[in-house]
Amino acid sequence: MYKYDQYDQAMVDTRVAEFRDQTRRRIDGTLSEDQFKSLRLQNGLYLQLHAYMLRVAVPYGTLSSAQMRVLGDIADKYDRGYGHFTTRQNIQYNWIKLDEAPDILADLAKVEMHAIQTSGNCIRNISSDQYAGAAADELVDPRPYAELLRQWSSFHPEFLALPRKFKIAVIASDTDRAAMRLHDIGIQIVRNAAGEIGAAFYAGGGMGRTPMIAPLINGFVPLDQLITYSEACLRVYNRYGRRDNKYKARIKILVHELGKEEYTRQVEEEFAHLLTQDIEPPLAELERIKTYFTDPAFEAGASDEVDRSDPDFALWIDRNCHAHKQAGYIIATISLKPVGGIPGDASADQMRRMADLGKQYSFDELRVTHAQNIVLPHVRKADLYTLWQQLDAAGLSTPNLDSIGDIIACPGLDYCSLANARSIPVAQKISERFAAQDKLDKIGELKLKISGCINACGHHHAGHIGILGVDRKGIENYQLSLGGCEGADTSLGTITGPGFSEDGVVDAVEKVTDLYLANKQGEERFLDTYRRIGMAPFKEALYG
Amino acid sequence: MKILTGNDLKSGAVVWWDGSGWSLHIDAAVDAGDDADSILARESAARRVNAAYVIDGERKDGTVRPAHIKERIRALGPTVRMDLSLKPSDPTAASWVI
Amino acid sequence: MNTQFRFRDDQAVADPTITVDNFGDQTNAAAVRLEPGDDARTLLPYLDRLKLVEVNYPAFTDGRGNSAARILREAGYTGELRAVGDVIVDQLPALRRSGFDSFAPSVPMITADAEAAFARWADVYQADAIGSVPIWKKRHG
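Protein chains in written order, with my numbering: chain A, 6 to 549; chain B, 286 to 383; chain C, 158 to 298.
Since the hints were derived computationally from the structure, they do not count as laboratory data. By construction, the Cβ of each residue, glycine as well, lies at the ideal position given by its N, Cα and C atoms. One or more of the hints may lead you astray.
So, partial list: chain B residues that the calculated Cβ filter (under 10 Å) puts toward chain A [claimed, not checked]:
1. Met286
2. Ala298
3. Arg327
4. Ala331
5. Asn335
6. Val339
7. Thr348
8. Val365
9. Ala378
Coverage of chain A stretches by chain B, computed from C-beta distances (three or more under 8 Å per stretch; other residues unrestricted) [stated by the list, open to error]:
10. 31-45
11. 414-423
12. 429-435
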C-alpha cells in the first residue's frame with residue numbers, strides 16, 4: 006500500500022499545525038463558531054448529538070496493521086474504547102474533546118493518517134473496491150488511481166468551498182463492489198478496443214433526498230488526462246451547482262437539471278481548455294504510486310486445500326470468504342455485525358486484535374468495506390483455520406456476509422443530530438429475529454440497509470430491502486423499500502406503502518422474506534424474485 | 286418550559302441552562318422563558334456555551350422532559366450503549382426516551 | 158473595505174469598480190467587480206485594458222470566486238485580482254493560489270494570523286494560478 010514520502014508527510018504535519026492554530030483561535034474567541042465550523046468539518050470534526058465526533062479517513066478503505074492498531078489506541082486514549090466503521094470506508098469516534106482533537110490528528114499523522122476533508126463542502130475520501138489487488142476479476146488494481154486523485158483533491162485551492170460535499174469512487178472491475186454509480190463521480194478503469202487502459206467517467210449519482218444513478222459522461226478518458234478531466238468536472242460543478250438550496254446543491258441535481266448531454270458538453274469544453282494549462286501529473290507519477298501496489302510476496306505453489314471438517318469453520322468459509330486471484334490464497338471478511346450487535350462498531354481491543362491478525366495472516370494489510378466490515382485481503386488457505394479460530398475467540402467470526410444478518414445501518418438518532426429516528430435498535434431486532442443459521446442459509450444473499458433519515462448515510466435506497474426512519478409527529482416510524490441494488494445493475498428501491506412502528510417493521514421484513522421463500526424459483530436471490538414478481542404480492546402480504 | 290441546551294466548547298459535553306450556568310444534568314434545567322434568546326446570545330458570546338439552541342419541554346414526575354425524542358436521547362445518551370449514558374446502572378433508563 | 162494585503166509592486170488602481178453588466182456598455186473602464194453568479198469569461202475580450210478585477214465573496218463558503226480567479230489568470234490576465242468581502246484568514250492560501258494578489262476583507266484580519274496563513278504551506282499537491290511547483294513536479298522534475 007502507499008507509503009508517504011517526505012512531501013506527503015509534510016502535508017499532514019502542516020495540516021495538524023494549521024488545525025492546532027485554528028482550534029486555539031476558536032477557544033480564545035478569535036474565530037466564531039460559524040467561521041470555525043467549516044474549518045473543523047474539513048478536518049472531520051463534527052459537533053454531534055452527544056459530543057464532538059471525529060471522522061478519520063481510511064483512503065480507499067486500505068490500512069496497515071500499524072494504522073489499525075493506532076485506531077484502537079486512539080479509541081482508548083481519547084474516546085470511550087470503541088469506534089464505528091462507516092459506509093464510506095472511514096472510521097468515526099463519538100466522544101471527542103475539541104481541545105484534544107489536534108493531538109489526535111498528530112497521533113494519526115505519525116502513522117500516515119489524517120482526517121482531511123472527511124466532511125465539509127469539498128472532495129471527500131475517495132472510496133474503492135474492498136477486494137482491490139486481490140480479486141480475480143479486476144482489470145488492474147484501482148487504488149493507484151484513487152491515490153492519485155486523493156493527492157489532487159487534498160487542499161485543492163479551487164474546490165474547498167463547493168456547493169456541497171463531493172464523493173468519488175474508483176473501481177476497475179465490471180462487478181461493482183463500491184456502489185460506484187451512486188457517487189457524485191464514479192470512475193471505472195477500463196480497456197478500450199485498442200487494448201489501452203483508460204477511465205470511464207460517470208457523473209451525477211448519489212443518494213440522500215433524491216437518489217440518482219450516475220449516467221456515463223465519457224466512456225474513455227486516457228490515463229494521462231485523468232486529473233485534467235476530473236478538474237473539468239469539478240470546475241463546472243463549482244461554477245454552476247446550485248447554492249440557493251442546500252437540498253438541491255449536489256452535482257446530481259445539476260446533471261439532472263442541465264441534462265447529461267449539456268453537463269457533458271460543458272465539461273468537455275472546460276476539459277479542452279484545461280488541457281492547455283499543464284495541470285496533469287506525468288505518467289511517471291502514476292507509475293511511482295503503482296510501485297506501492299504490487300502483489301505481496303505470495304508463496305508459489307501454496308496449497309488450495311482446506312480442511313472443512315469443522316462445520317462452523319466450513320460455514321464461515323462459505324459465507325465470508327471470497328476467491329483470490331492467486332492460487333492457495335483467499336479473501337476473508339471479518340464481520341462487524343454480531344447477532345444483536347451495533348453494525349460497524351469495533352472495540353479498541355478488537356481493532357488491535359484485527360491489526361495483529363492482519364499483520365500475521367494478510368501481509369500486514371486490512372480493508373474497510375462500505376458495508377461496515379473489515380477484510381483481510383491476502384490470506385493463505387493453509388492459515389485460514391487458525392485465523393478463523395482466533396477470530397472466533399475475539400467475537401469476530403459471525404458468518405453472515407451479504408446475508409440478512411449483515412445489516413448496514415447508519416448511527417441514527419442514538420448518535421446523530423440530523424436523524425429522525427433510531428436505526429441501530431431496528432438493526433439489532435432484525436438481526437436477532439433472523440439469527441437462526443438455517444434461516445440465514447435459506448434466505449441467502451440479502452442486503453438490508455437502514456438509514457435514520459433522508460440523508461441516507463445507511464444507503465437504504467440501494468438496499469435489496471431498505472428501511473428509512475422518519476419522524477411522524479414526534480414518534481419514530483419506518484418506511485420499507487424493496488428492490489434497491491448497488492452493483493453493475495444499480496437500481497433504487499421502491500417504497501412499499503405506509504410506514505411501520507419499530508416492532509412493526511421487523512415483522513414486515515419477516516413477511517417480505519417469507520413471501521420470497523414461498524415464491525423463489527431455482528437459485529433466485531431475494532432481489533431476483535422481487536424483480537420477477539414485482540411489488541404487488543409484497544404489498545398484499547404487508548397491508549392485506 | 287423553554288429549555289436551553291448546547292455543548293461545552295472545549296469538551297463537547299451536552300449542557301443545559303440551569304439559571305446561572307450550564308449543567309450536565311437535564312433535571313437542573315430551568316425555564317428560560319422570554320429571556321431565552323438573550324441568554325443564548327450572551328452565553329455564546331462569552332464562550333461559556335457553544336452551538337446552543339432552545340427547545341420545548343416540561344417538568345414532569347420530578348424530571349425535566351424535552352418535548353422531542355431527539356433531545357431526550359441527547360439528555361440521556363445513546364439508548365444502544367446505556368453503559369455510556371448518564372444512567373449506566375438503570376436498566377429501565379432507555380424507556381424514558383420513548 | 159480597505160485592501161489589507163497586496164502582493165504587487167505597481168500602483169493600486171484608484172478607479173471605482175463597475176459591475177459586469179455595466180462593463181460592456183463602457184468602453185474605457187479599467188476596473189470591474191464580479192459577483193459570485195457572474196461569468197468571468199465575459200471579461201476575456203477586455204483583459205488587455207483591465208487593471209483591476211474585484212471578486213466579491215458575500216459568504217466565504219461560496220467558492221465560485223476561486224474558479225473565476227483561476228479562469229482569468231489562465232486567460233492571461235496580469236492585472237490586480239482582489240478578493241473582497243467575507244474573506245477570512247484561513248482561506249488565504251487557497252485564494253492566493255487561485256490567483257488573487259490583493260485582499261480587502263470586510264472585517265480586518267489580524268495581521269499575524271494572516272501572515273502565518275500565507276506562510277503555512279511549503280508545498281502543494283496541484284498546479285495553480287500562481288505557478289507553484291506542485292509536488293508531482295518536484296518528484297519527477
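Consistency of the hints with the structure:
no., hint, verdict
1, Met286, "violated, 17 Å"
2, Ala298, "holds, 7 Å"
3, Arg327, "violated, 14 Å"
4, Ala331, "holds, 9 Å"
5, Asn335, "holds, 6 Å"
6, Val339, "violated, 15 Å"
7, Thr348, "violated, 18 Å"
8, Val365, "holds, 5 Å"
9, Ala378, "violated, 13 Å"
10, 31-45, "holds (count 4)"
11, 414-423, "holds (count 4)"
12, 429-435, "holds (count 3)"
Taken one by one, the earlier hints fail for this structure at numbers 1, 3, 6, 7, 9, listed in ascending order.
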